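Visitor: With these hints in hand, go ahead and build the complete structure from the sequences.
Heads up: the sequence shown at position 104 corresponds to 84 in our numbering, and the numbers run straight through without jumps.
The hints are simulated quantities; they were obtained by calculation from the structure and are not laboratory data.
As the structure is a prediction and not an experimental result, all values here were calculated from the model.
Among these hints, one or two may not hold up.
Per label pair, the in silico range of CB-to-CB distance [to be verified]:
(1) I110 x N248: 49 to 59 Å
(2) L142 x I28: 23 to 33 Å
(3) S43 x V120: 20 to 30 Å
(4) V120 x L65: 34 to 44 Å
(5) R84 x M118: 46 to 56 Å
Ideal Cβ placement from N, Cα and C applies to all residues, glycine included.
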Amino acid sequence: MALFSGVGSSLNVTDLFLRLDNSTEDQDADHHPNYYAMLYSVLIFAIIFGNVLVCLAVLREKSLQTTTNYLVVSLAVADLLVASLVMPWVVYLEVVGGAWMFSRMYCDVFVTLDVMMCTASILNLCAISIDRYTAVVMPVLYNTTHSSKKRVTLMITAVWVLAFVVSCPLLFGFNTTDKVVSYEQLKKMLESHNIQLFDVRSLEEFQAGRIPSSTNIPLGELDQALKMESETFKKLFKVEKPEKQDSNIVFHCQSGRRSATALETAVNLGYTKYVSVPLL
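Guide: Printed below as a string of structure tokens:
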């Protein structure tokens, strides 16, 4: 069911939202299960279950409380944090098609946690390798109780401090660059050159009311929107409809996948001056 089909002259953005809400059942009928999200969810539960068992085994069994096993527990904790703090966001991104609907701060926190926990896992594996190497090459020194406790404490501390140091630049603004342009800057820059900017958003974002301007088009209805009569298009989106041969169009999308889809739609409809860019 095309949401824009049969659009009357009195239709405005509010009417569009009503049509979107009434068409939920039709959209759900075409919805396919996200197998990647399902797989990630199963993987999350498996990781949490397995690593919790590792931690409990070492904590409860005195015989397992060795230098190597303390490092294994540190590795298990890092994997637990990945599964509980990072992977759920990956599932969320799969479900919404890659659209990040939260603030830039939450994005920075997510990336920081991702880098920190993954780095901690890698460094813990390195620490276990060094521990095993020491046990083989210097067995006398390795078996000294005081030396072993001191060594494993220093190694675990170093692992987590280094992991934090590697990931923390994001939190202190070191991820910014002059090459990054905000949405408003991009819009003003394009308008000054008579280039039309269209936000291509997901249907879910339209239904939730998350639209920054009236020039937003649901990705699934981009084809129908560009096929509208010029007068209908202008009344609905408050801008002139781009002509195929002499208009410059920029499709501003939430992900590379949507950018490719918008680009393909424009090509199929015969537009010759266009570009599709991911969200900045």
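Visitor: Could you run down the list of hints and mark each one as holding or not?
Guide: We went through each hint and held it up to the structure:
1. I110 x N248: 49 to 59 Å: Roughly 57 Å apart at Cβ, these two residues keep to the hinted range, so it holds.
2. L142 x I28: 23 to 33 Å: Holds, at about 25 Å.
3. S43 x V120: 20 to 30 Å: holds (22 Å)
4. V120 x L65: 34 to 44 Å: holds (41 Å)
5. R84 x M118: 46 to 56 Å: 49 Å Cβ-Cβ, so the 46 to 56 Å window holds.
When held up to the earlier numbered hints, the structure conflicts with none and fits them all.
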